[in-house]
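**Q** Given these sequences and hints, build the entire structure.
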Amino acid sequence: MIEQQYYTRERGGLFSKTDGYDTIAKSPKLKLEFIKKYLHPLCSYDSPSELQKSGEEDETKYPPNLVIMPVASGELIIGQAVYKSKDFTGLRSTFFMHNYVLSANEKHRYVKEPEKLFGITQFQTAYDIGLGSELPTLAAIPYEGNSVLFKDRARLLSELKMDEILFEKLLAAIFTAASSKKKVFIVLDVPISELGTYAKALLYHVYLSLPWSVTEELGVSTYSRSSEAKKNIHITFLEKDALRYDGKVTKEFVLDFVSQKFLNLDETTHLDPYFKVAAMFRSIKPLWEKFNSYGEQLLKAMKDKGEKTLSFYNRTATLFVIYAYLSNHKPYVLEEGRERQGFLTEALSYLNLPIGDEFKRELIEVIGYAISSLEASLRGGVLLSREEIVAMLNFKLKVNQGSKTNFEDMLRILLEAIEVARRENNGAYIKEIFAKASKETALYQSLFEKLYSREELKEEVAYTYIKEAFEGINNLDAFITKVKEFEPIESILFTDVYYSNIVKTRFMDCLRAASNKVKLLEKVQQWCEKHQGRLYEELVVLAEEHFLKHIRLETIESEAALCHITFKHIYDDENYEAIKDYQKLKTSLEAMSPKHIKVNKAVQKQIQHFYKQTVKKEDFYMLVYAFLEPNKEAYSEEMWRLNLTKVLEYLYPISPAIMLDFIIWSKGQEIYMNKTSFDTTVIRFFTKLKEKEGKWPKELAKQKLEGQLKTKTLYVKLNKAMQPAIIKLLSQYGKTIAITCMILIGCAGVGIGGYFAYNYYLAPPPSIDTTAAELEQSIKLPVNELGLPEDQVKAQLKLLEENNKKQNETDETNKDKQGEADVKEEKTQPSVNDKEQVKTPAETETKSETPDTSQNDNKKQENTSSHTGN
Numbered sequence: 011m012i013e014q015q016y017y018t019r020e021r022g023g024l025f026s027k028t029d030g031y032d033t034i035a036k037s038p039k040l041k042l043e044f045i046k047k048y049l050h051p052l053c054s055y056d057s058p059s060e061l062q063k064s065g066e067e068d069e070t071k072y073p074p075n076l077v078i079m080p081v082a083s084g085e086l087i088i089g090q091a092v093y094k095s096k097d098f099t100g101l102r103s104t105f106f107m108h109n110y111v112l113s114a115n116e117k118h119r120y121v122k123e124p125e126k127l128f129g130i131t132q133f134q135t136a137y138d139i140g141l142g143s144e145l146p147t148l149a150a151i152p153y154e155g156n157s158v159l160f161k162d163r164a165r166l167l168s169e170l171k172m173d174e175i176l177f178e179k180l181l182a183a184i185f186t187a188a189s190s191k192k193k194v195f196i197v198l199d200v201p202i203s204e205l206g207t208y209a210k211a212l213l214y215h216v217y218l219s220l221p222w223s224v225t226e227e228l229g230v231s232t233y234s235r236s237s238e239a240k241k242n243i244h245i246t247f248l249e250k251d252a253l254r255y256d257g258k259v260t261k262e263f264v265l266d267f268v269s270q271k272f273l274n275l276d277e278t279t280h281l282d283p284y285f286k287v288a289a290m291f292r293s294i295k296p297l298w299e300k301f302n303s304y305g306e307q308l309l310k311a312m313k314d315k316g317e318k319t320l321s322f323y324n325r326t327a328t329l330f331v332i333y334a335y336l337s338n339h340k341p342y343v344l345e346e347g348r349e350r351q352g353f354l355t356e357a358l359s360y361l362n363l364p365i366g367d368e369f370k371r372e373l374i375e376v377i378g379y380a381i382s383s384l385e386a387s388l389r390g391g392v393l394l395s396r397e398e399i400v401a402m403l404n405f406k407l408k409v410n411q412g413s414k415t416n417f418e419d420m421l422r423i424l425l426e427a428i429e430v431a432r433r434e435n436n437g438a439y440i441k442e443i444f445a446k447a448s449k450e451t452a453l454y455q456s457l458f459e460k461l462y463s464r465e466e467l468k469e470e471v472a473y474t475y476i477k478e479a480f481e482g483i484n485n486l487d488a489f490i491t492k493v494k495e496f497e498p499i500e501s502i503l504f505t506d507v508y509y510s511n512i513v514k515t516r517f518m519d520c521l522r523a524a525s526n527k528v529k530l531l532e533k534v535q536q537w538c539e540k541h542q543g544r545l546y547e548e549l550v551v552l553a554e555e556h557f558l559k560h561i562r563l564e565t566i567e568s569e570a571a572l573c574h575i576t577f578k579h580i581y582d583d584e585n586y587e588a589i590k591d592y593q594k595l596k597t598s599l600e601a602m603s604p605k606h607i608k609v610n611k612a613v614q615k616q617i618q619h620f621y622k623q624t625v626k627k628e629d630f631y632m633l634v635y636a637f638l639e640p641n642k643e644a645y646s647e648e649m650w651r652l653n654l655t656k657v658l659e660y661l662y663p664i665s666p667a668i669m670l671d672f673i674i675w676s677k678g679q680e681i682y683m684n685k686t687s688f689d690t691t692v693i694r695f696f697t698k699l700k701e702k703e704g705k706w707p708k709e710l711a712k713q714k715l716e717g718q719l720k721t722k723t724l725y726v727k728l729n730k731a732m733q734p735a736i737i738k739l740l741s742q743y744g745k746t747i748a749i750t751c752m753i754l755i756g757c758a759g760v761g762i763g764g765y766f767a768y769n770y771y772l773a774p775p776p777s778i779d780t781t782a783a784e785l786e787q788s789i790k791l792p793v794n795e796l797g798l799p800e801d802q803v804k805a806q807l808k809l810l811e812e813n814n815k816k817q818n819e820t821d822e823t824n825k826d827k828q829g830e831a832d833v834k835e836e837k838t839q840p841s842v843n844d845k846e847q848v849k850t851p852a853e854t855e856t857k858s859e860t861p862d863t864s865q866n867d868n869k870k871q872e873n874t875s876s877h878t879g880n
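For what it's worth, this note's numbering labels the leading residue of the sequence shown as 11, then goes sequentially.
Honestly, the hints are just simulated from the structure, not real lab data.
Any given hint could turn out to be false.
Mimicking DSSO-like on lysine-lysine, the simulated pairs with C-alpha atoms at most 27 Å apart in a straight line are [said to hold, decoys possible]:
#, residue 1, residue 2
1, Lys271, Lys191
2, Lys250, Lys286
3, Lys615, Lys626
**A** Okay, here's the thing in structure tokens:
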């Protein structure tokens, strides 16, 4: 059923009781929500600028705006807005719009017959609200389909100055606009009053030339004053000079017949098979309906994956035209270009869709007919595209699977295609053909058998393909993948010298390019173990020889990796010997006799390399091996000895604790060690360590060594050796040092006593020839240090000078002797007995001759002492 709605400016409407634009009448089943959401935004009309400027009041001069717009809920709106010179007040102009709302079922029926859309004769242009707000629901809309412009397409295009090519470009633009957000703007070079008529006529032929699935989604407007894009409107006809070629407009499709500007149109539509089919069948109703049915069935089966695009309908058109020729028993040859581009691939995909059996049989027949046409072209020397060859093979595989005839057909197709490509020297094409054939094992084998049966094909085609297939490969994974591609035909190729040489050459490139030689060797061995044949054995040998030649053992970071390395063959190689020795050593070192052990320097270096970060107790046997040296001791049965010092130097930076554990462990071992030098070596190491670092791990050594029975004695020796030198000296020579010290002290006492006796009693006194100034200078500091006043010091010095002067005058003749006596009295006061013991005969004689002056001397001494005491 069809609902109606009227919209204009009135004294009140269904949504508002005040004056203004509103819906003034509608059909009962037309919901207000639908009107508000879809119809009200659509209701508008802007008078043409040229008529506004002239103040034109004749309503017939103003073009009506026919609007057709599908909505998301499935309905189709068909409406027309017309200019009205006066509204209900009679004071201003307005517009009136009459809308039909078609249900989804009605929409499909109307779209199939465009005259029902563009030939409608009953659009109301006015309404008396006094008649009520309810409009009837209609079963159909009256229309007229006998318009001259509808009937005479050539005349219409001529009057619009449009040719068939431009018309096809318009159709292509509409295809794109219908499935995207792009718009189509058309400016016709016709009088403004006739714009509506020509626009509807052109749209009629557009709808006739487009598939129903596309026209069902088209929104159109036959007149607008503005190029502003409107939602759900794809095609808009504009008045002259309405387009402003700004950034937005230039991105849209534009057909401006006034300024002759045509923007963004496809210039290659003449290659699209769809337009040929449309031109052939659109005027033949049964065939046009059949064509649209093809498209609708496929789109329905494809569901959301289907796109109503020109490319889709190009393929549908090709299918349909083959069907039409086949139905009329006429031969048809697919032409090169878009008619064939992607056709077979897409057509084959249709066979997987959930379409009816009858339609599927029809499609199979049509596709088979097309393939026969292509095979004829191939036999005639036409090089088909790789896509077409693949599609032909796929079709043969889908239809009559397992048929001997089909298999022979496929093989023949491949050989014919290869022959044509060889003549054209098209290696890339041959490579693509092989890639497809490799997907089918039996076909692949048969193809190579055929090629190898003919010498020229083997050398020119097969060998070239093999060489190019392996070209540039320097990665083992890529190499293995490529070899796997040839596995289906290995029975043919693996005995071929050319293939073997190519494989080996590329294999060596992979070996050289690999950085991790250990993983590479393991991967090659694992891969080759799964296959049989001389070629795989040769690859293993190449890999192992390359590994041994280029591996540096010190680059192997993992001991587990080294122990895991295996060889399928025996080699006379230093690295091979080192690896095998290491593996043997790792498993049986403890059971090996010191007399017969074989020491490999490379293995020693490798052990030192592996354990440079961490060492465990279970690794001690390996460390012993790592530091064995030739035994140069005479009369020793052992060929090797352990360099204990180097072991300790190696272990200490890693862990002092593990070094002490090694000392404990090795103390109980007899192999490779001289028991008598063991303790000495350990002590020497710690001594040097202390000299170098200024300390040694005393507490840790005590904790580790003292508690072990076998190292307790060693610890005592070590601890004693690590004591300071003075303590070690005293502990060893204590008594001797004590007696020596006593003797030395006694001797020193005697010497000191003799010295003082000589100086005080026997040594002659020095002459005193000192001025008061010198005396003052010599005793000034000591006096001042006693804190005496300066005047008192000066008085003392003066008195001293006077006494000295008197003494010189009294005894000039005995100046020296008297001076000596005075000096002795000043220094000490020895006892009379002492003086008498040391008197010489000369002194006795002198004394008897000299007058007695002792009394005067005593007075001088007392006087001096009293001053000093003060």
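**Q** Each hint should be assessed against the structure and marked as holding or not.
**A** For each hint, the structure was consulted:
no., hint, result
1, Lys271 with Lys191, "holds, 21 Å"
2, Lys250 with Lys286, "violated, 33 Å"
3, Lys615 with Lys626, "holds, 18 Å"
Violated hint for the displayed structure: number 2, the only one.
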